[in-house]
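4 protein chains.
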Amino acid sequence: MNDRPRSTLSPDPSFALAARYRVVRSATEQLAAPLSPEDCAIQSMPDASPVKWHLGHTSWFFETFILTPHLKDYALYEPAFRVIFNSYYNAVGAKHPRPQRGLLSRPPLDVVRAYRAHVDEAMARLLADPGRTGELSPLIDLGLNHEQQHQELILTDLKHMLSCNPLQPAYLPNVEMPAGQERPLEWVEFEEALVEIGHDGKGFAFDNEKPRHREFVAAHALASRPVSNGEYMRFIADDGYRRPELWLSEGWDWLNANGIRAPLYWDGSNGKQCRFTLHGVLPVVPDAPVCHVSLFEADAYARWVGARLPTGAEWESAAAGVPIEGHFAEDRVYEPCPRTNCASFDQLFGDVWEWTQSAYAPYPGFRPAAGAIGEYNGKFMCNQYVLRGGSCATPRTHIRASYRNFFPAAARWQFSGFRLARDL
Amino acid sequence: MNDRPRSTLSPDPSFALAARYRVVRSATEQLAAPLSPEDCAIQSMPDASPVKWHLGHTSWFFETFILTPHLKDYALYEPAFRVIFNSYYNAVGAKHPRPQRGLLSRPPLDVVRAYRAHVDEAMARLLADPGRTGELSPLIDLGLNHEQQHQELILTDLKHMLSCNPLQPAYLPNVEMPAGQERPLEWVEFEEALVEIGHDGKGFAFDNEKPRHREFVAAHALASRPVSNGEYMRFIADDGYRRPELWLSEGWDWLNANGIRAPLYWDGSNGKQCRFTLHGVLPVVPDAPVCHVSLFEADAYARWVGARLPTGAEWESAAAGVPIEGHFAEDRVYEPCPRTNCASFDQLFGDVWEWTQSAYAPYPGFRPAAGAIGEYNGKFMCNQYVLRGGSCATPRTHIRASYRNFFPAAARWQFSGFRLARDL
Amino acid sequence: MNDRPRSTLSPDPSFALAARYRVVRSATEQLAAPLSPEDCAIQSMPDASPVKWHLGHTSWFFETFILTPHLKDYALYEPAFRVIFNSYYNAVGAKHPRPQRGLLSRPPLDVVRAYRAHVDEAMARLLADPGRTGELSPLIDLGLNHEQQHQELILTDLKHMLSCNPLQPAYLPNVEMPAGQERPLEWVEFEEALVEIGHDGKGFAFDNEKPRHREFVAAHALASRPVSNGEYMRFIADDGYRRPELWLSEGWDWLNANGIRAPLYWDGSNGKQCRFTLHGVLPVVPDAPVCHVSLFEADAYARWVGARLPTGAEWESAAAGVPIEGHFAEDRVYEPCPRTNCASFDQLFGDVWEWTQSAYAPYPGFRPAAGAIGEYNGKFMCNQYVLRGGSCATPRTHIRASYRNFFPAAARWQFSGFRLARDL
Amino acid sequence: MNDRPRSTLSPDPSFALAARYRVVRSATEQLAAPLSPEDCAIQSMPDASPVKWHLGHTSWFFETFILTPHLKDYALYEPAFRVIFNSYYNAVGAKHPRPQRGLLSRPPLDVVRAYRAHVDEAMARLLADPGRTGELSPLIDLGLNHEQQHQELILTDLKHMLSCNPLQPAYLPNVEMPAGQERPLEWVEFEEALVEIGHDGKGFAFDNEKPRHREFVAAHALASRPVSNGEYMRFIADDGYRRPELWLSEGWDWLNANGIRAPLYWDGSNGKQCRFTLHGVLPVVPDAPVCHVSLFEADAYARWVGARLPTGAEWESAAAGVPIEGHFAEDRVYEPCPRTNCASFDQLFGDVWEWTQSAYAPYPGFRPAAGAIGEYNGKFMCNQYVLRGGSCATPRTHIRASYRNFFPAAARWQFSGFRLARDL
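One line per chain: the protein sequences are F, Z, S and Y, in this order.
Per the numbering used here, residue 26 is the first one in the first sequence, and the count goes up by one each step.
Per the numbering used here, residue 26 is the first one in the second sequence, and the count goes up by one each step.
Per the numbering used here, residue 26 is the first one in the third sequence, and the count goes up by one each step.
Per the numbering used here, residue 26 is the first one in the fourth sequence, and the count goes up by one each step.
If you are wondering where the hints come from, they were derived from the structure by calculation, not from laboratory data.
Only a predicted model underlies this, so the values are computations on that prediction, with no experimental measurement involved.
There are no misleading hints in this set.
Computed list of lysine-lysine pairs in DSS-like fashion (alpha-carbon distance at most 30 angstroms, straight line):
#1 Lys120/F with Lys235/F
#2 Lys297/F with Lys120/Z
#3 Lys235/Z with Lys120/Z
#4 Lys97/S with Lys120/S
#5 Lys297/Z with Lys120/F
#6 Lys297/S with Lys120/Y
#7 Lys235/S with Lys120/S
#8 Lys297/Y with Lys120/S
#9 Lys97/F with Lys120/F
#10 Lys120/Y with Lys97/Y
#11 Lys235/Y with Lys120/Y
#12 Lys120/Z with Lys97/Z
The task is simple: from the sequences and hints, build the whole structure.
In structure tokens, the structure reads:
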């Protein structure tokens with residue numbers, strides 16, 4: 026039986042959808058449960074949003090795209106939320122400016138929770154009507170996958186905010202980190218081929234995974250696992266951050282302008298290499314995948330070892346047959362870990378998002394959805410790079426081989442690592 | 026009996042000091058009482074601080090300058106607070122960067138309140154020892170006046186933060202605003218004189234009010250009251266904000282760079298001239314003093330009517346004999362109001378701070394206090410301008426004729442207005 | 026006989042190389058001939074360089090990479106030029122900061138010309154030695170192609186600088202612009218194919234055109250010619266610059282932050298749509314290709330008509346068989362013009378560089394050259410987009426189908442236009 | 026006998042005015058004579074202007090305020106210059122933006138010189154008419170004093186521009202620097218007094234020196250000479266730039282943001298303390314006045330020795346009786362020098378402008394001139410500080426005791442030093 030809820034074989038699809046709705050929505054609330062109102066209100070940088078805003082925005086998504094147009098007599102919880110919780114949908118109307126999301130002490134956390142309950146109650150009414158559910162199912166699925174994306178952002182944005190605090194507070198203290206064994210890096214070879222990539226049409230996918238199409242891939246090899254902290258520490262020790270010949274020009278400027286000398290959250294000031302995590306300040310584990318690096322750092326490391334980053338097509342065609350197993354958000358250990366049970370080609374899913382060298386661009390034949398929902402992905406296809414495979418903060422039910430995450434080359438606050446590739 | 030605590034005639038000065046300590050400290054807590062943890066955590070601009078930070082910093086002041094050096098066996102509540110709640114005292118050590126005060130979700134509000142209680146309990150012990158109180162009395166007085174300054178900043182910083190919220194929330198809704206009568210502006214004349222200004226040594230004063238010294242003041246006239254909203258609206262209607270000949274060069278650049286067309290918090294977008302206040306959005310009252318204007322705006326208005334701003338010496342020598350009466354923070358109406366009971370030379374104290382043309386500079390013979398306390402005032406004597414008289418957010422017991430407040434010329438989030446002067 | 030020098034059939038290759046050297050170098054000097062010392066010294070933005078710097082830097086290239094390592098007894102003209110005229114080669118040593126190239130009143134223009142003569146004299150000695158020329162021929166070819174790139178930059182940087190002058194001075198006034206006929210836009214169809222792109226090894230190419238490799242291209246159509254000014258004016262008239270749904274998110278932010286409402290250099294302030302050119306202010310010609318647009322504008326226009334930009338592989342495989350004819354720098358009319366003699370699939374070369382949707386990235390198997398020369402192209406392969414085909418400011422002998430130019434998405438001061446594509 | 030050249034006793038004042046006009050105007054041209062067109066075109070920072078712009082602007086001043094309104098049939102040399110060479114007179118109309126003055130390669134230097142000749146020829150006609158000269162004399166005097174101010178700015182702006190060049194070019198090489206003797210610093214005492222300051226009405230003065238008025242000055246002492254390089258080097262050696270307790274808060278931030286560790290133009294990188302001058306790179310002379318320091322540095326030094334900066338009233342009342350002798354621009358040694366012939370209270374005029382602690386503010390009763398000329402001084406009376414006494418780059422005929430120069434506290438590219446004061 027398939028353990029991925031999105032391709033359920035249940036005879037009553039609307040029942041499954043309603044159940045999935047409850048599961049996903051309550052997972053979001055569980056994430057916020059240990060947090061104070063203040064923890065949920067603060068925004069530490071323009072790229073990140075307060076937890077409270079994530080809680081509201083995900084509800085706004087259902088209200089705006091499903092309840093308002095499709096549920097008769099639906100009453101907006103609060104008209105002002107239409108603006109406050111709009112992220113970037115120009116077609117929906119005005120937006121509260123992104124860098125000012127952290128200025129909103131009101132609505133208080135309790136009201137945002139009440140807003141969630143109001144939306145959930147209305148969604149429950151809608152989901153109880155089998156006639157509607159079939160037709161709206163793709164849109165509701167989009168809303169749930171959207172919510173899962175914000176679950177991961179809640180964790181990464183919260184981590185950044187807590188890291189700015191000299192008290193270095195832990196979100197979930199006293200978590201036991203799994204120990205893993207050391208694994209040598211091996212190379213898995215792939216012959217040249219005209220591969221098919223993109224979503225195959227089974228189950229949910231975002232529009233940016235479509236259409237499925239052919240790409241020619243030359244002979245190459247992929248590393249058996251992501252680059253580890255231990256390996257990365259050797260790059261640092263070899264003056265990797267001080268040798269311009271290893272860096273993209275824009276990366277070298279970025280590094281010098283920001284005084285970058287290690288991955289984000291690393292702190293070696295007390296003699297031992299430590300890192301800030303959602304579970305407190307912990308020593309860097311050599312066998313775990315390196316994390317919180319930019320594309321620039323990933324690319325420089327690859328050049329240092331005479332390798333390169335994989336393309337999206339290389340990654341996806343290699344991952345297509347691999348089971349989606351690994352260390353995910355459901356484990357509630359929000360830090361990449363060494364593998365405890367190793368395959369010869371492994372850790373593609375979970376632990377860390379893997380940077381690829383592929384610019385985020387439309388697939389041949391790409392068509393965004395009609396209306397405001399079409400703004401979801403397509404308008405960001407510029408100056409961003411694709412990451413693959415999900416992380417320790419990604420829900421297991423959210424990821425797949427064709428999934429394309431994307432961030433600018435300098436972004437580091439996501440759980441981003443990388444795997445090496447080379448030409449044959 | 027004299028209602029101003031600073032010149033008490035009580036036979037037991039230490040008793041009065043202990044009582045005053047309790048009164049001032051609890052006034053701060055009353056200000057925060059209607060606020061949620063989120064309201065107290067957010068910082069809306071680098072110049073403003075979160076309410077929670079003000080609550081902590083004022084306690085840090087007593088802990089750092091009084092308890093740690095002077096109370097035997099005093100235990101720091103939390104060593105990390107030494108850094109977090111240091112404002113700008115380099116001699117005390119490291120400081121958490123001012124623009125990042127709003128990133129501190131921890132310590133939570135409850136812990137900061139516990140910190141206050143810890144400090145208050147220790148201060149009570151210290152104040153119970155008459156032998157110590159005499160010697161420490163000036164330092165404790167400084168701490169209490171410092172706390173009163175932060176009471177005003179709590180209100181102005183909170184007002185700015187709430188104003189950034191599209192919901193336009195009120196801090197204290199449903200307050201009844203006193204109505205006042207219209208008063209024509211009259212000119213009060215003063216002959217040339219060698220005046221004495223600066224603090225006369227009775228009661229508490231900050232170091233920047235000292236020493237008392239002589240200044241020569243030419244013949245001049247002062248307006249009988251501050252400029253009103255009604256008068257200022259005529260300046261706007263006469264294109265005051267669009268005529269470069271009325272403005273200081275730096276003011277003209279500031280105005281254009283920031284699109285300034287009215288006092289801060291004014292909003293005429295719904296056809297009627299309204300303003301955001303701590304009591305909600307209210308119509309602009311023509312007879313109340315204009316408020317939340319920069320020195321640039323005050324100066325341009327004065328040029329428009331062929332007048333000028335007073336100097337600090339003109340203001341202080343005129344105010345020296347005037348009773349300290351007016352509309353202060355104790356009234357809990359945090360908005361300047363029309364006068365209900367008019368003198369011929371009036372409203373010098375309370376309602377609005379009055380910009381002067383005097384740059385904030387040391388008085389002849391000025392000596393800052395020794396040690397870290399010497400950083401309190403002196404190091405800011407550059408590129409700031411002096412304001413006089415206190416506002417509706419200033420405690421009545423905090424102000425006096427010699428008091429010198431100071432802000433940069435572009436600052437508008439304080440309750441700042443102005444009074445006209447002219448040469449004779 | 027072949028008029029493209031790079032594939033000469035001359036029996037004495039070194040003679041041809043020496044001749045080519047003289048032709049290319051003197052072409053650079055001819056560009057600067059009409060300019061005053063002041064015209065050559067000023068830098069109008071960090072992206073652009075003064076003409077004088079281009080004159081020096083191209084000489085520095087020969088001095089640094091050919092004369093110093095390979096000509097015995099070569100004496101540096103001036104050691105300080107090693108720093109001043111280094112563009113971005115970290116391996117060569119220190120660089121004068123790019124944004125400060127316009128601060129160098131010294132060396133004066135005459136000295137830079139003497140520097141060129143010094144380098145040319147030494148190069149003539151080297152080129153007279155047939156034993157060396159064969160071995161160094163690839164490096165000298167690189168130097169000459171590098172010089173041609175800077176010839177184009179001299180024109181684009183000069184144009185930007187002159188455009189900043191309210192006098193709107195012309196570089197070459199009184200040029201007769203060729204008139205052309207109107208041509209309807211037609212679609213040329215291409216079937217899906219596994220195409221080969223990249224340089225085929227005949228004659229000179231930059232490393233970023235290699236290696237030749239296969240890409241799979243789906244069925245598509247390309248427009249028969251670039252988008253014209255007339256068509257683009259209809260986009261503007263249809264509120265193209267005010268409709269967010271047409272724009273990439275980053276483009277929409279860029280447009281609003283910079284108040285963009287038309288291509289660079291367009292000026293409609295006098296009632297008629299004019300443009301600043303190197304030949305003075307001239308009316309916009311409807312039948313000429315639109316020029317000086319960013320990738321953002323090209324992409325928005327394409328979305329407006331329901332089309333898209335071509336990929337690099339689509340463009341190159343279509344252009345591979347097309348003769349390199351068109352309107353180039355040798356014509357000394359530095360403005361794109363209507364075509365006078367139309368083919369059914371035309372204007373691929375010359376007039377305007379054509380934006381593609383392809384991010385500038387390494388080809389599979391890409392290897393930069395060893396040493397400092399390896400910094401030439403590879404380190405810029407991030408956050409830039411590929412343009413194809415050359416422009417009216419490109420030397421005819423410099424362009425080829427496999428040529429990849431690259432600029433950031435917001436760049437507009439190059440002669441950049443675009444051609445439409447669509448899926449079949 | 027009158028020692029001030031500007032108030033000649035010639036029986037024909039108009040003749041004297043015409044002669045003075047020629048002398049002052051030609052002095053400006055002599056300054057530019059050694060410079061190339063490129064030297065005259067480049068702008069190194071927004072605060073500084075190109076020499077060519079100064080040459081044009083000073084001519085524009087006569088054209089705009091004297092020739093156009095007062096010379097019948099005067100024909101503008103070029104209408105576009107009305108905008109290009111307007112500095113900051115809003116009442117005159119549009120201005121070319123100050124930071125873009127360095128983008129104007131056209132008009133070329135020769136045309137600007139022809140513009141000067143055109144204006145001079147017209148002024149000669151005007152000055153030949155005795156009937157007009159008397160009436161216009163104050164305005165012409167203003168134009169000449171304005172021109173002298175720009176003579177000094179030509180030198181300081183040129184110095185900054187040349188200093189940005191890694192070639193470190195000299196404006197006037199091979200100048201012999203006068204040697205001087207060491208002089209101990211002595212204190213000159215002044216009793217408290219009601220002094221009169223401001224211009225006394227004899228000869229020319231700017232409006233900001235008026236009206237003459239009384240100020241009360243407490244007993245104080247002034248140093249016998251400015252602080253020397255040798256003394257300042259001891260401040261540096263005592264970690265003066267690293268001790269926050271010595272600095273104004275804004276100065277401490279400025280110092281850290283800009284990495285300030287010595288006066289502008291100092292360079293100790295080759296083991297010896299040198300400085301860039303208009304005569305080449307020279308060793309720092311211990312007995313010469315320290316120069317190119319900000320108000321922040323002057324103030325910090327004074328605090329380090331337990332002194333302070335003088336007020337403007339202290340400086341002016343002390344200088345009122347002192348002959349205007351010293352080292353001025355006419356000596357063509359553009360660097361402060363040790364005194365060769367010492368008085369007990371000395372070097373008030375020439376060598377270095379002396380920072381005072383006085384904010385630049387209107388004198389009591391100040392009235393700017395009517396019309397555009399009123400923008401000359403008054404609108405800058407905010408956030409600037411007064412300097413006194415002129416420098417080695419000031420014409421001897423331009424300075425007087427009542428003269429008030431003004432710059433922001435962080436400005437260092439003027440020839441600015443300081444003298445100590447202390448309370449008695």
